[in-house]
Structure formats: structure tokens, C-alpha cells
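Trainee: Read off the chains here:
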Amino acid sequence: MALDARAALALLRTMWRIRMFEERVGVLKRADEVYGLIHLSIGAEGVASAVCTQLRADDAVYSGHRAHGHALAKGAPSGRVMAELMGRSDGLCSGLGGSMHLVDVEHGLMGATGVVGGNIPLALGSALAARLRGTDQVAVVFFGDGAVQAGHFNESVNLAALWRLPVILVCENNGMAEFTTRSEHSVIERVSDVVAPYSITRETVDGNDAAAVWEAFARHLAAARGGEGPYLLECLTHRLRGHYEGDPTQYRDALAAEEWRQRDPIGRLTRLAADEGWFGEAQAAAAEADARAEIEAAVQFARASPYPEPALPGALVYAP
Amino acid sequence: MSATTYVKAINAALAVAMREDPRVFVMGEDVAEGGPYTATAGLAEEFGRERVRNTPISEGAICGVAIGAAQSGLRPVLEIMFIDFITLALDQLVNQAAKAHSMSGGQLEVPLVLRTQGGAGQRGGAQHSQSLEAWLTHVPGLKVVMPSGAADAAGLLASAIADPNPVVFVENKALYFKREELGERPPAVAIGAAATVRSGADVTIVALSRMVGEALAAAALLAGEGVDAEVIDPRTLVPLDLATIVASVERTGRLVVAHEAVTFGGFGAEIAAEVGRAAFDSLDAPIERVGAPFTPIPLSPPLEDAYLPGAAEIHAAALATLGRRPAG
Numbered sequence: 001m002a003l004d005a006r007a008a009l010a011l012l013r014t015m016w017r018i019r020m021f022e023e024r025v026g027v028l029k030r031a032d033e034v035y036g037l038i039h040l041s042i043g044a045e046g047v048a049s050a051v052c053t054q055l056r057a058d059d060a061v062y063s064g065h066r067a068h069g070h071a072l073a074k075g076a077p078s079g080r081v082m083a084e085l086m087g088r089s090d091g092l093c094s095g096l097g098g099s100m101h102l103v104d105v106e107h108g109l110m111g112a113t114g115v116v117g118g119n120i121p122l123a124l125g126s127a128l129a130a131r132l133r134g135t136d137q138v139a140v141v142f143f144g145d146g147a148v149q150a151g152h153f154n155e156s157v158n159l160a161a162l163w164r165l166p167v168i169l170v171c172e173n174n175g176m177a178e179f180t181t182r183s184e185h186s187v188i189e190r191v192s193d194v195v196a197p198y199s200i201t202r203e204t205v206d207g208n209d210a211a212a213v214w215e216a217f218a219r220h221l222a223a224a225r226g227g228e229g230p231y232l233l234e235c236l237t238h239r240l241r242g243h244y245e246g247d248p249t250q251y252r253d254a255l256a257a258e259e260w261r262q263r264d265p266i267g268r269l270t271r272l273a274a275d276e277g278w279f280g281e282a283q284a285a286a287a288e289a290d291a292r293a294e295i296e297a298a299v300q301f302a303r304a305s306p307y308p309e310p311a312l313p314g315a316l317v318y319a320p
Numbered sequence: 001m002s003a004t005t006y007v008k009a010i011n012a013a014l015a016v017a018m019r020e021d022p023r024v025f026v027m028g029e030d031v032a033e034g035g036p037y038t039a040t041a042g043l044a045e046e047f048g049r050e051r052v053r054n055t056p057i058s059e060g061a062i063c064g065v066a067i068g069a070a071q072s073g074l075r076p077v078l079e080i081m082f083i084d085f086i087t088l089a090l091d092q093l094v095n096q097a098a099k100a101h102s103m104s105g106g107q108l109e110v111p112l113v114l115r116t117q118g119g120a121g122q123r124g125g126a127q128h129s130q131s132l133e134a135w136l137t138h139v140p141g142l143k144v145v146m147p148s149g150a151a152d153a154a155g156l157l158a159s160a161i162a163d164p165n166p167v168v169f170v171e172n173k174a175l176y177f178k179r180e181e182l183g184e185r186p187p188a189v190a191i192g193a194a195a196t197v198r199s200g201a202d203v204t205i206v207a208l209s210r211m212v213g214e215a216l217a218a219a220a221l222l223a224g225e226g227v228d229a230e231v232i233d234p235r236t237l238v239p240l241d242l243a244t245i246v247a248s249v250e251r252t253g254r255l256v257v258a259h260e261a262v263t264f265g266g267f268g269a270e271i272a273a274e275v276g277r278a279a280f281d282s283l284d285a286p287i288e289r290v291g292a293p294f295t296p297i298p299l300s301p302p303l304e305d306a307y308l309p310g311a312a313e314i315h316a317a318a319l320a321t322l323g324r325r326p327a328g
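In order, the protein sequence lines correspond to chains L and B. Just so you know, the numbering used here puts 28 at position 28 of the first sequence, and the rest follows in order with no gaps. Just so you know, the numbering used here puts 136 at position 136 of the second sequence, and the rest follows in order with no gaps.
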């Protein structure tokens, strides 16, 4: 399955929406307009976009603490995501969740968690539910390479392989676990090698090459849609910002500007599209401009939303 | 009416729920083999191994799988074989299941039942005998039930499976094979309703799980000494039916709280504090608490027997509220 002009443009537009959103959130964080620990995914937009633009609304997606891009790519309205980061009543979760706990059931975003890797087994549960109900939904969970050393990752891989669940594990391997490099966390460099003994289908791709991620994911998705699984797709990517906004980033060197220009997933896809004749500069520029306008509107929407009523937390401890 | 046991009542309630609702399924370690206490015996034969799923010894992951299945529309009943192992599932239970409804602004529901069992007295040692329910009651979003007999076990399990929230269902291994007369289909028992299992005028004894039977034995002793004890089984710790307890203390003026868990930091402290606040003017004596000492549970039989609180301790505590001491 190869990327075509239509899918490529959707991919580019989604990446621009995430880029604009994340850059704006970084500014808003410094202005104290968004709250809590804010983890940005600038540099890794290609993974969220290539995966989520191929999913249906009723496919389950789970994410971790770096979830904004996954939410936007899965269809969550940018204004409601922004409002959630600002703790407002029109936020996705009525202002009770925040940046690390985005949920949008209507669009199939079934959970994001601040516990690293903590909802990998939940994705297995959604896949099991599809199996027991006899539907063809798949479940996808995003996590970073930092989650791979946790017990729940290893327990989940074993269980997913044992039960052959239609779940796709998407690892965004940015080489960093919080403040330290992967080499300080594990002797196994590639996450796909960690799961090798389970004999599950696994693949490592250049996560900054959105077309490559798209094509690899398309193959695994088609198989999972047919009820097969599990799959592990490891995407080697970059985290251009710190672990969270405002962290002491002296611990690593930023990529050189020219090196980043070569690797930036947005630039790469734009150049590829030109080479393939999929779309030209005008459409690429429109994707950027439209995203900028959308995110500006999202900020205005979020700012206009009131804070939730004080009684709301008490009313939502239990489902009625 | 026919003779049954606590564990058979649980087994039957599971089978009824699975027959009536295709969303209900059972998962846990060895559940398809019936488990160590036969709680799930025969279910795999009737419902197949897709709905009665043996799992690896991965408490964290299987709890997470159950949560994901629950919020995707199924009704999992997860067994954690011993409550001592719930430590391994607590991240999933506390950080995911308990908070999903609230953190999603009400979008997600987690209709999960986590069955587990605790309790000492069977020489299980310090890692197979604990009573850890108080930890769970401290987490908003979880419901916690502790049935003391077969009828309540069946009735509360039916309600727990029907509940749209995560319910931790804490059984006691020492109760499993106690015989009880029970109707063919025991009625559902509402979560959050205490039961007054013995009426009395002189002292209120609130007892949890296995200690309900011990409290009734103590009440029989007290009756022979001219003391008329009321025994209340909260049945549900969260939400707690405080009104029934307070109304009783307002009549009796005295309260004993008894559980098998370590006294210090135990759930009895919460009951005592709430009653102290709500019925302070009615109290004629300090509230007495009965529980286990602040030590890991010893293996050696005479030491474990001495460790385990029972009717004698409840009896002495009730007399203490009357300014009396046990004879002899």
C-alpha cells in the first residue's frame, strides 16, 4: 500500500495542525495560560499523523503524557483540546483531565495517561472487546521508548502475543526517557529487538519519514483489521523540545539547524510530494496557513470558555 | 431453601450473570480451572474459554486489560487470587480505573468488578493472609464491598456486575466453606446499604466481613451477661451507609468497631471518626476498636491464633464501653 496524493495532503495538513498547536502551546505555557506539565511533540508529528489519519473513529487509540498530537490527529477538535489544556469547561474533558489525560470517546481517543506506559494494557482490553463482540475494530497505543523498561509493557506484549489480539503497539523512540538517554535505561537499543522473543510482527522505521510510517502502518492495519495481531511499529524520531516545557534542557544538545531541516517530517513530506507531483507549493503553503488560522481560532475559543463549576468534580466521581 | 456455601453462592451468581448478559466475562489466574477455592469452578465448561479466560501471572496487565475491555463496553469480572497481590494491580486500579470517569469529564465508564479475597487463620503467612481493604477505600472512584455471608455475597455480586463503576469485591477465605441456607436465586443487595443483623439496645457493634460472625458470637455471650448488643454489617465500605450506624449509636450510646485488618489506619478509624462527629452527644463511652496488632501476620499456629481478632476481643471491647471487664 503506497501513499497517494490525497492521503499525502491529509498527512501534511495534520502535521501542520499539530506543529502549530504545539508551538502555540509552548508560548501559552510561558504566559501561564495552559496548566500543568506540558509535553510537546514537535518533531514527531509524522508518527501521530501517519497512524491516526488511517484509523476509523471507532478504532481505539490510547496515548501517554505526550498526547496532543495523537488527539488532534484522531479527530479531536483543536479548540476543545486547547480548552482542556486551559482547564476550561469546553475542554474535551470539561477541564478535569488536562494535557496528560485527553479523552475524546466520540473520536475513539479512549485514554491518555501520565503514568508512562500505563495504558498499554488498556489498549489490549479494547482489542479483546472487539474480538469478543465480533467486530473489526483495532486498538492502537502510542508510547515512548521510556515505557519499554516498565513491567506493564512486558506483561502486555506477552499477553497480546499469547491471545493474538488485534492491537498495534506504536513506539515513538526518540532516544530519550525523560532527561536521560536510552543507553542509560537499557542495553537493548531497538525496541523491536525487545519484543523479538514473542514472535510478533515488528518493524522499525524512520519516524521522521511520514510516508514510510504511513506505509508501514497501513500494512499492519490491514492485517489487524482482519483480526490478526499484535504488531509493533517502532518509529525512530526526535523530540525537539525538553521532556516538558520548562525543564532544564541543558542535558542534551539540540540538533543543528541544517540537520533538523533535513529531518523535519513536514519538510520531508513537502519535498517528497513535490518530487512525486502530488501537490505543489501553493497547497503546502495553504496547509500551513489553514493550520495557523485554525489554531488561532482554537486559542480564542478556549480563552472564551469559562472555568468549570466548582461542583463538577464531586458530580463525576461515579457514573450514575 | 437449600444448603450452600459462600463460595458456591459466588460461583452461582457469576453463572447467572454470564447467562443473562453476554457482555459479562471472567478473567484471572487459573479461573478456567476453578481457582484455588473453586469460586469459578464449572464456568469454563458452561461458557467456554473465551469468556472464562486464564491469564498469565501478570496482575498489572490483566487489571489494565479488564479496564480497557470495561470502558469498551464489556463487563469483566477480574479475579486477583489473593488481595496481597493487589499491590501489583494498584497502578491500574488507582490511576486508571478509579479516575477514568472523572478525568474524562464523564465520557468513560469502567464497569469492572475486581474479585479478590483476604483474611488470615489458615497458616498462609504474611503474604497470603492480609486484609488490605482500607487502602482501597481511600481512592475516590472505587466502590468497595465486603460480604459476610452467602446471601450477601450473591446479592452484592449481582449488583457489582450491574454497576457502571469499578467495584472491588473483597471476599474472606475463612468464610468460603461455611454452610448457609439460601433460596434458589438470592435477591440483589444494593451497594451502599448496611444490614442490622442483630437488634439490641445497649451497645452497637459494627463488624466487617468475617468479624460479623464473631460479633454475633460475642453478642450471644453478652446476652448471657445482661448486655443487649446490636450488630451492624456495613456490607459496603464505599459508599458507606453511615446513617444506619449513627441511628443505632444514637439509641445505644456505645460503639465497638471490629475488623480483621490491622487496627492502626484501618477502616474502623473512619467509622469511629464519622460517628464521633455525627453522634458525639449520644456517646456514653469512648468508641472501642477491635483489629489486628501492628505486625506482619505470623506463620506459627499459636502466634497466628493469638494475632487474629475474634469474638473474645469484641466481647471485651463491648464490656469496656460499659465500664466492665470480662469475668475470670
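Honestly, the hints are just simulated from the structure, not real lab data. What you are looking at is a predicted structure, and each value in this text was computed from that prediction instead of being measured. Any given hint could turn out to be false.
These stretches of chain L come out as covered by chain B in the derived footprint (C-beta under 8 Å, 3 or more residues) [what the hints assert, rightly or not]:
#, stretch
1, 88-100
2, 103-112
3, 118-124
4, 183-195
Each residue gets a CB set at the ideal place from its N, CA and C atoms; glycine is no exception.
Trainee: Confirm or reject each hint.
Mentor: Structure-based check of each hint:
Remark: the stretch 88-100 of chain L is confirmed as covered by chain B, as 7 of its residues place a Cβ nearer than 8 Å to a Cβ of that chain, reaching the required three. Evaluation of the coverage hint for the stretch 103-112 of chain L: fulfilled, as 5 residues show C-beta separations to chain B shorter than 8 Å, against a requirement of three. Here's how the stretch 118-124 of chain L fares: 7 of its residues keep a CB closer than 8 Å to some CB of chain B, so the rule of at least three is met and the hint holds. Under a criterion of three residues with beta carbons nearer than 8 Å to beta carbons of chain B, the stated coverage of the stretch 183-195 of chain L fails, only 0 such residues being counted.
Figure legend: structure checked against the earlier numbered hints; the only hint not met is number 4.
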